[in-house]
Amino acid sequence: MQITVWQTTTLGGALQRTEAQLVEPAADEATIEVLHCGLCHSDVSMIDNAWGVTSLPLVPGHEAVGRVVAVGEGVDPALVGQLRGLGWIAGSCRHCSWCLGGDANLCASLESTIVGRSGGFASHVSAHQDWLIPIPEGVSAADAGPLFCGGITVFAPLIDEEVSPTARVAVIGIGGLGHMALQFARAWGCEVTALTTTAAKAEEARGFGAHRVEMLADLPQQAGRYDLIINTSNHDLDWDAVVGALAPRGRLHQLGVPTSPIPLQAFPFIAGRRQFTGSPTSSPASLLKMVDFCARHGIAPKVEHLPMAEVNTAIERLRRGDVRYRFVLDGPA
Numbered sequence: 001m002q003i004t005v006w007q008t009t010t011l012g013g014a015l016q017r018t019e020a021q022l023v024e025p026a027a028d029e030a031t032i033e034v035l036h037c038g039l040c041h042s043d044v045s046m047i048d049n050a051w052g053v054t055s056l057p058l059v060p061g062h063e064a065v066g067r068v069v070a071v072g073e074g075v076d077p078a079l080v081g082q083l084r085g086l087g088w089i090a091g092s093c094r095h096c097s098w099c100l101g102g103d104a105n106l107c108a109s110l111e112s113t114i115v116g117r118s119g120g121f122a123s124h125v126s127a128h129q130d131w132l133i134p135i136p137e138g139v140s141a142a143d144a145g146p147l148f149c150g151g152i153t154v155f156a157p158l159i160d161e162e163v164s165p166t167a168r169v170a171v172i173g174i175g176g177l178g179h180m181a182l183q184f185a186r187a188w189g190c191e192v193t194a195l196t197t198t199a200a201k202a203e204e205a206r207g208f209g210a211h212r213v214e215m216l217a218d219l220p221q222q223a224g225r226y227d228l229i230i231n232t233s234n235h236d237l238d239w240d241a242v243v244g245a246l247a248p249r250g251r252l253h254q255l256g257v258p259t260s261p262i263p264l265q266a267f268p269f270i271a272g273r274r275q276f277t278g279s280p281t282s283s284p285a286s287l288l289k290m291v292d293f294c295a296r297h298g299i300a301p302k303v304e305h306l307p308m309a310e311v312n313t314a315i316e317r318l319r320r321g322d323v324r325y326r327f328v329l330d331g332p333a
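Residue numbers (the working numbering): 1 to 333.
Hints in this document: simulated from the structure, not taken from any laboratory. A hint or two may mislead.
Unchecked claim - For each label pair, taking beta carbons as the anchor points, the in silico distance ranges come out as:
{"no.": "1", "residue 1": "Asp236", "residue 2": "Ala26", "range": "38 to 48 Å"}
{"no.": "2", "residue 1": "Glu24", "residue 2": "Gly272", "range": "35 to 45 Å"}
{"no.": "3", "residue 1": "Arg249", "residue 2": "Ala26", "range": "13 to 23 Å"}
{"no.": "4", "residue 1": "Ala285", "residue 2": "Ala142", "range": "23 to 33 Å"}
{"no.": "5", "residue 1": "Val53", "residue 2": "Gly321", "range": "37 to 47 Å"}
{"no.": "6", "residue 1": "Asp236", "residue 2": "Thr9", "range": "47 to 57 Å"}
{"no.": "7", "residue 1": "Gly102", "residue 2": "Glu137", "range": "40 to 50 Å"}
{"no.": "8", "residue 1": "Ala271", "residue 2": "Ala142", "range": "44 to 54 Å"}
{"no.": "9", "residue 1": "Thr198", "residue 2": "Gly298", "range": "42 to 52 Å"}
{"no.": "10", "residue 1": "Pro307", "residue 2": "Gly13", "range": "36 to 46 Å"}
{"no.": "11", "residue 1": "Glu137", "residue 2": "Asn49", "range": "20 to 30 Å"}
Claimed, not checked - With a straight-line cut-off of 20 Å between C-alpha atoms, the simulated SDA-like cross-links for lysine to any residue are:
{"no.": "12", "residue 1": "Lys302", "residue 2": "Arg320"}
{"no.": "13", "residue 1": "Lys302", "residue 2": "Ala141"}
{"no.": "14", "residue 1": "Lys289", "residue 2": "Met215"}
{"no.": "15", "residue 1": "Lys302", "residue 2": "Ile315"}
Ideal Cβ positions, reconstructed from N, Cα and C, are used throughout, including at glycine.
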């Protein structure tokens, strides 16, 4: 079967539409026909080989939503026809201590959807059945793609770290990740503060769930306030002020990747039992809980839709920061 893919054969190059041969799904895998696929900044990083793991030709796209059209050996044929979502991870070994213990996202043998595999900017994409997450009633399949990468990274610190619903949570950066973090933390029951450099975003931040909006520059006046700070920014910050704003046993959860090292002083972490954590994604179980949580509380990413044929336009606009708040590319490819 011939399928359509959007791929680049040069690092940093534009994606070209071409045909490829669909490989039958392997054992424990299923293939979905892609209906929608979110565009994530990690796709741009892979196109540019920013992490040194890109192989060519590259078919990006790791926030795919589609309908199962084929299954491999060991997969229940009843999956055919079901709507499923796929994020950064397409497979894990399923037998190491991490997989068996419920932390398959920490498996040493992870298979990324777009590292050494063909991704979701295509008419079809395959993955292990464990990582193809059902789309529950109440979650829009058209808008759900960004949940499976950006969404889970900001949901993970709440569920995986067992954050109390009485916690005071601050979110730095009201963008593609931050606007989802505000919604999750508010629905979790937390007191939610948006920390921003742009006063014009205050009303939008409140609309996403923030109880309070504070300017990031005023963080030194908020010492010891927050139980959890989720930092979605990749910019250099006043790190002493960020850590100083944590309450005892507070956690700085880092999602943005600054280009320079983060200079953290050891003593505030020692004296206050504070922690520094991060989450590139989470387990299939947490992904399942996330989409159910979204259905229950009406949580959805704010997206702009473009046809997949305009993928290069979307990439260039993302490079410029010209999106509020996530792109979703609609098939057919």
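Do the hints match the structure? See the list:
1. Asp236 with Ala26: 38 to 48 Å: holds (44 Å)
2. Glu24 with Gly272: 35 to 45 Å: Distance hint for glutamate 24, glycine 272 is violated at roughly 55 Å.
3. Arg249 with Ala26: 13 to 23 Å: Roughly 45 Å apart at Cβ, these two residues miss the hinted range, so it is violated.
4. Ala285 with Ala142: 23 to 33 Å: holds (25 Å)
5. Val53 with Gly321: 37 to 47 Å: For glycine 321 against valine 53, whose Cβ atoms are near 24 Å apart, the range 37 to 47 Å is violated.
6. Asp236 with Thr9: 47 to 57 Å: Given range 47 to 57 Å: violated, Cβ gap about 35 Å.
7. Gly102 with Glu137: 40 to 50 Å: Violated, at about 26 Å.
8. Ala271 with Ala142: 44 to 54 Å: Holds, at about 49 Å.
9. Thr198 with Gly298: 42 to 52 Å: Violated: the Cβ-Cβ distance is about 26 Å, outside 42 to 52 Å.
10. Pro307 with Gly13: 36 to 46 Å: 20 Å Cβ-Cβ, so the 36 to 46 Å window is violated.
11. Glu137 with Asn49: 20 to 30 Å: 40 Å Cβ-Cβ, so the 20 to 30 Å window is violated.
12. Lys302 with Arg320: Answer holds: lysine 302 to arginine 320 is near 18 Å, not above 20 Å.
13. Lys302 with Ala141: Since the Cα atoms of lysine 302 and alanine 141 sit roughly 13 Å apart, the hinted pair holds (cutoff 20 Å).
14. Lys289 with Met215: Judged against 20 Å, a Cα distance of about 32 Å means the pair is violated.
15. Lys302 with Ile315: Roughly 17 Å separates the two Cα atoms, so the pair holds.
When each numbered hint is compared with the structure, violations occur for hints 2, 3, 5, 6, 7, 9, 10, 11, 14.
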